[in-house]
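Student: Residues per chain, in single letters:
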Amino acid sequence: MSQGPGGEAGFPAMTATAAAGSAMIRRRRRPVAERAFHVLSPYLLLAPAALVIVAVLGYPLYLLTRLSFEQFGLASLITKKGTWIGLDNYSRIFQDRQFWTVLLRTFVFTAVNVGLTMVLGTLIALLLARLGRFMRLLLTTGLVLVWATPVIVAVNIFRWMVDYEFGVLNWTLTKLHVGDFLNKDWFADPTTGFAVITAIVVWGAIPFVAITLYAGLSQVPAELVEAAEIDGARRWQVFKDITFPLLLPIFVILTSLSIIWDFQVFNQIWLARGSEPEEEYWLMSVYSFVEAFKLGEYGFGAAIAVVMVGAMFLATFVYLRQMIRMGETR
Amino acid sequence: MSRRVAGRIGINLAGLFVFVVMVFPVYWMVATSFKEGHNILSDTPQFFPSPVTLSNFDDAIHRAFFWDVVKNSLLIVGAVVGFSIVVGFLAALALAKFRFYGRGAFIVLILGVQMVPLNALIIPLYIQLSRAGLTNELSGVIITYLTFVLPFTVWTLRGFLLGIPRELEEAAMVDGSTRFGAFVRILLPLVAPGLVATSNFAFIVAWNEFLIAYVFLNDPEKQTLTVWLAGFTTQRGTDWGPLMAAATLTALPVLVFFLLIHRKIAFGLTAGAVRG
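As you go down the protein sequences, you meet chains A and B in turn.
Under our numbering, the residues of the first sequence are numbered 1 to 330, in order.
Under our numbering, the residues of the second sequence are numbered 1 to 276, in order.
Take these hints with a grain of salt, some might be off.
[Claimed, not checked] DSSO-like, lysine-lysine: derived pairs with alpha carbons at most 30 angstroms apart:
(1) A:Lys184 - B:Lys222
(2) B:Lys222 - B:Lys71
(3) B:Lys222 - A:Lys80
(4) A:Lys81 - A:Lys294
(5) A:Lys294 - B:Lys222
(6) A:Lys80 - A:Lys294
(7) B:Lys222 - A:Lys81
[Unchecked claim] Here are the in silico distance ranges between beta carbons for each label pair:
(8) A:Glu226 - B:Leu54: 32 to 38 angstroms
(9) A:Gly274 - B:Leu54: 26 to 32 angstroms
(10) A:Gly274 - B:Val52: 27 to 33 angstroms
(11) A:Met323 - B:Asp59: 47 to 53 angstroms
Rather than coming from a laboratory, the hints here were simulated on the basis of the structure.
Backbone N, C-alpha and C fix where the C-beta goes; we use that ideal spot for every residue, glycine too.
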């Protein structure tokens, strides 16, 4: 979970003011020991956290990179040593047809999920801003309920709703004369299966986007919008020329986070397919996981994970540059 | 004028529609968990449970290992939250209240590590723990959870600390209080709501985690609630009633905590992002 930018400026160091204050009161220099303590104290405060982060994040990152250059199988797990094989894992990945299929599938999946999440989240945020007090409270509470639903729980609910025999979805769609959905198995075909998985992901992601954007919207000065409306701007123009540019920083943060989250979707697929997803359902994270933990090829799995992180950052970077360019041309 | 009224009704109806669509899955879980078996497996779905029964909950909590996994989840989450809050608060103090060499670099580090996907780290973490002999141990999972809980704890607490006006502390010190005295009497009470909100959020994230617990804990009596819930499907097919009851029980603590804190989190995220 990431936090947005906090107010960085406007909080000058405590050290400086404290030193000035005590000098005024006591009018004497502090002893050397006390001053040394003062200089050292931030480092002492920081040390435990820094140590833990190095141990549980820094070292694993290094190990991941090293593993990706090693032949590291189940036997290596016992001997605790892998064999250095240079770039072999990577050349194997890039020659693997399956890799390219999975990569493409992951890109499409991410694009669809991020797009749907952002569009629907924005629409709901705009709706929230125009609702009456009661409805707004009701909808916000509803969104928070959804936000709080654990992924494992959400997957089980959706599996139950799309159950081919007694699922409420098939019954409803049939009653609404969308078609004959009786006994339709949604997961039999990867396309409809991915539709369900997308629904789970987007449903779970909308509240965060909608509530955050609504919080941002409520900070947009009402005078600006009113002035534009008096000048005859249409609702779409107000959004395009006033609200959106003002909220651009929030849009950038939310979309980047969504890309990062959706690119590594694992739980939804793993659980929706009963811990044994068919190859048609593999995304990058599933591919890497299966190679490592099901086939015991930890080195190969690590190489896939490195490629996944690289591709993810590339996607985020390309998107960010696009957004910044859009901001500049305005 | 009447067009405006119509518009207003239309907007609120749209709001109601979105509410129903979004909340329905959660409602369906709760409703199913209170239904009798034959009403769950009926060709025409029953939209309101009648008669209401608690037998699904009874079934769920009497399943094998239920109390073990609840205890494990509470233990893991308690340890992770306690440790993260203490260590994270110290680091947040340093970042928010001191100016020192390397501060900027540390802030970048804290933000950067939150971008690293957990799914990519699971392989090296697993190998690291298996070398240390900590797989299939709760302590191994606790250490691993710090990977994603600690950085965000530091960041959120720093935000809360920055929100406290400097003048309050200075006033206390001018009044003859020591720096430590000012900290205990002024800063700590002011940051207490922030500490509560952050611990709640850390609780939720750790409580919901699935993948690490799933990979690292093999014995059924050592697993967490989410892993136990994921293994609910039996050979005979899925027992939807008890499963939905168990899901409701899993989600319940999170729902309660989330309703308490969501305002702080949502506004904390965007504070300062828009300057009108």
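Student: Look at each hint and say if it fits the structure.
Tutor: Hint check results:
Between Lys184 of chain A and Lys222 of chain B the alpha-carbon distance is near 38 angstroms, which puts this suggested pair outside the 30 angstroms criterion. Pair hint Lys222 of chain B plus Lys71 of chain B holds up; C-alpha atoms about 9 angstroms apart against a cutoff of 30 angstroms. A hinted pair counts as satisfied when its Cα atoms are at most 30 angstroms apart, and Lys222 of chain B with Lys80 of chain A qualifies at roughly 25 angstroms. Only pairs whose Cα atoms come within 30 angstroms are accepted, and Lys81 of chain A paired with Lys294 of chain A is accepted, the gap being roughly 19 angstroms.
Using a Cα cut-off of 30 angstroms, the hinted pair Lys294 of chain A and Lys222 of chain B holds, with the two alpha carbons roughly 21 angstroms apart. A C-alpha spacing of about 19 angstroms is found between Lys80 of chain A and Lys294 of chain A, which places the hinted pair at or below 30 angstroms, so the restraint holds. A distance of roughly 28 angstroms separates the Cα atoms of Lys222 of chain B and Lys81 of chain A; the hinted pair therefore holds under the 30 angstroms criterion. Roughly 54 angstroms separates the CB atoms of Glu226 of chain A and Leu54 of chain B, a value that falls outside the hinted 32 to 38 angstroms.
Distance hint check for Gly274 of chain A and Leu54 of chain B: the Cβ-Cβ separation is about 28 angstroms, which falls inside the suggested range of 26 to 32 angstroms. Hint check: Gly274 of chain A to Val52 of chain B, Cβ distance near 30 angstroms, so the stated range 27 to 33 angstroms holds. Here the CB-CB span from Met323 of chain A to Asp59 of chain B is close to 51 angstroms, well matched to the stated 47 to 53 angstroms.
The structure does not agree with the numbered hints 1 and 8 stated previously, though it agrees with the rest.
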